[in-house]
Amino acid sequence: MRIQLSLLALAATQIGATDCGQVLRDPGFDLWCGEDLCTWKVVRGDARRVDTWHEGDSGVELLGPDAAIAQLSPVDYGDGSCIRFDLIANVSVDAEALLGIDIYGDGSIEHTERMPTANWQPLSYKLRFAKPFTGIRFELSKKGPGKAVFANIGAVIEKDCDGLTEIEAGPAPLGAYCLVDGDCESGMCRTVTDHDSLLGVAYRCVACDGMSCGAGEVCGVAEPISPVLTVPLRCEPQGGSELAEQCVTDAECASGICTGGACSTCDPYDTPCANGEECSYTWIYGPYVCSPGAARRTSDQACATDTDCASGHCNGALRKACENDNRPCGNDTNCPVDRGLVPGTCSTVGVTGGTCE
Amino acid sequence: MHRSLLLAGCLASGVAHADTPPPVTTYALVVGSNAAGPGQVALKYAEDDARRVGALLGELGGVQPTNVDVVLQPSPDKLREHLEKLTQRVAADIAAGRQARIFFYYSGHARATAIDLGPQGLPLAELRARLFAVPATLSVVVLDACQSGAFSRVKGATPAADFSFNSRQQLDATGVAVLASSSGSELSQESEQLRSSYFTHHLLVGMRGAGDVNGDGTVSVDEAYRYAYHQTLLSTATTAVGGQHVSLEVDLKGHGEVPLSFPRAATRSITLPAALEGQALVHDKRAKAVVAETYKAKGAPTRIAVAPGEYEVIVRQGTQLRRCQVSTVGGESAVDLERCTTEAVVAAAKKGGGFERPMHVEVLGTIGPERQDGYTQTLENFGYEEQWLDPARGLGIAVSRRIHEKLWVGGAGTFVHAPRWTRETEEMPLRFDWNTTTLLATVRGVHHLTDTGLWSRFGFYAQLGAGLAIGRTQLLDQDNNAFRETHFGPALSAGAGLHVGSPGYYRRVPSLFMPVSLTVGYELVYAPAITNNTGDTHASGGHRFTLGLGYDF
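Chains as they are written, first to last, in the numbering used here: chain A, 100 to 456; chain B, 9 to 561.
Calculated directly from the structure, the hints in this document are not laboratory data. Don't be surprised by glycine CBs; every beta carbon is placed ideally from N, CA and C.
A few chain A positions that, by computed beta-carbon distances, are all more than 10 Å from chain B: (1) ALA229; (2) CYS260; (3) GLY315; (4) ASN430.
FRET-style restraints, in silico, Cβ to Cβ: (5) A:ALA229 x B:PRO498: 55 to 63 Å; (6) B:ASP487 x A:PRO244: 28 to 36 Å; (7) B:LEU397 x A:PRO244: 46 to 54 Å; (8) A:ALA229 x B:LEU397: 38 to 46 Å; (9) A:VAL141 x B:PHE491: 24 to 32 Å.
Turn these sequences into a full structure, and let the hints steer you where they fit.
Shown next as structure tokens:
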């Protein structure tokens, strides 16, 4: 068994999840998918596209007595702990416009700023966050019958927030960055595989380690919680993961082989293929199999894609996974946003636990 | 009693004459007075005119020089003495059985009832009575004075409305011809340029030969009047005082056509060739005076009698000017067109308004930072950034007309492209382009360092403009959709700078560069036209550097 919890990482080394200091996508509300915002999620009520200073430059108006839009940013304490939030607001006197800060994006608003009545005035707020934190959901909301239009929102990392009270997020959830055990709800802060970190590992909150699971269990990969958090580690049934599912130890996999973070049928070093076949991955962060895509697997042999099989058919559950870390997903919003704020892509990559027809 | 006078041409004047002059003697009394009467301003050229008239009569008028009595700035009593002397000489001739004629010329101030000879005047009634008392067979009276037409009106003769009234039949009167420089109510005018009164100048030019319409070598009273009438009217039509109408009243029955001068008899003359056409001016280089100015029609030569000397004949036709050097020291001389120099007409102010090149067109470029105001602040608030090294720049054209030596009025249209503003998005950046077209009525003043010489090409200008601004904007969104708007508003501008080449005011500058000018200056433009949805108005313009290239036409 090979546990991939790293012994090397001594400190958090993650790369900032921001775009030149900008931590929000589409700050100008320019990206519209039909009549809906592409990157902002309508949380309550409704929102529509409206003209701002010019017909060709859009803003968003919140509709209804209680409406809100939100965007989950991957910003974390490695980027900085001081963020300046700017926007242009047109808020009538009978509307209450609020900026809500939800650290970790778990739905609980830790901090709220109330916006004044404004007529296309620029507003700016500086916010200081307690370390460590992982991901912030920015929520713009309006209450009341009045009008609230927002435009040109920007949230950027600032260097100087001296004197501001820190916004405390409370204990960190699984998969969040941490410094000590006490930062985590689980009370366990360990180094785990982290594709965003320079060293490939970082301290994250986990629910288990190599010593904490009971008989028949293994500390392995559980279902993801949030795209801004790494996939959590919990005690999972031994051998419970099918071919192509994520893993950190061989014991998690039904095949008994965990290679490159996915349950596999071979390992180039420890369990090479017979007959001179090459052991290689089927997709990025995907399972290692012998001669992937070579159609050499015969009936009932394990496969990850149809191209592995001589018959051309690999039976099993279709696997939809994020291209940037192979975590299971239902759509793009389940996937982590990369360092350049480019959204992850969820796509069908192959088959989970497949066998050739 | 025969009243009479002159020019029947007989005079043993030493003039070689082909025709046999009648056996009469002509006496000329020529009076000039610059002196001003009460409430008048002294004249400049009345006495000079008298000298010229006296000289011409002796030269071409068939009058013996000893019979030409030129009297300058006389008192009334002095003039009475000369009139008495004239009467006595004519009476002596008559008594001796000879015929005598008189020519009386007066140049000076006059009113409706008297000629002014300084503080005192001589009543017209007395002057008329004394002249008519001279027992001459023919009298020609020439008056170059204000309201000189009143002389004959008092007399009761019928005033001549224009030349058509003065046919030869009219001239066949009984012995008196009165040629007056103006009508009874007009002012007679002097010309600084001619250094003479308009009337006397043209009368003398006509007598030198320009008025010899039938080409018989003599200029009759009729011909001289015709010439003087039209030329004086033409010359004075554009002056501030207005047109001056020469009048002629005659009572010359039985005298036929009365010759006034004999240019063919002159020993010196300048002949303008048949091929020459245009406004011709004969300039006496030594005397620095214009001796003749006439329009030379194509097809027949014109002979102008002059004294021996060096002359420059300047002929203008369209925009071309010919300068011909002519010497009559050795005898008669004809203008040799082959030896004339040609140059472009020099533009200068005409007397009484108007300019040779009154129109000015200018192409100009402008560059400078666009004004920052609430509108641009809104752009910044919405995340736009002004493109670096992208100043407002534009082109324009201006057309103006000169209304004063230093003042031009007209219009200007300028198109200025303002700096682009952009805002980044996750797709194409938003690109905001805008431009402003201003249509202005302008007034420009130009002051030159000197009137002549090199520094006359350099000067300063100041310009004001007001009019309409048309602002256009275009926003290209992240999907390349274009949103265009047009706005209207007022526009004001003020500018000043250096002017090189002095439009329409070139003197002694090579002709090739005459119409071209260059301006370099500063301009402040204020054109509040472009608005946005948030209530801001952008005043297009700002501080501009301008460069203009102009041409006068």
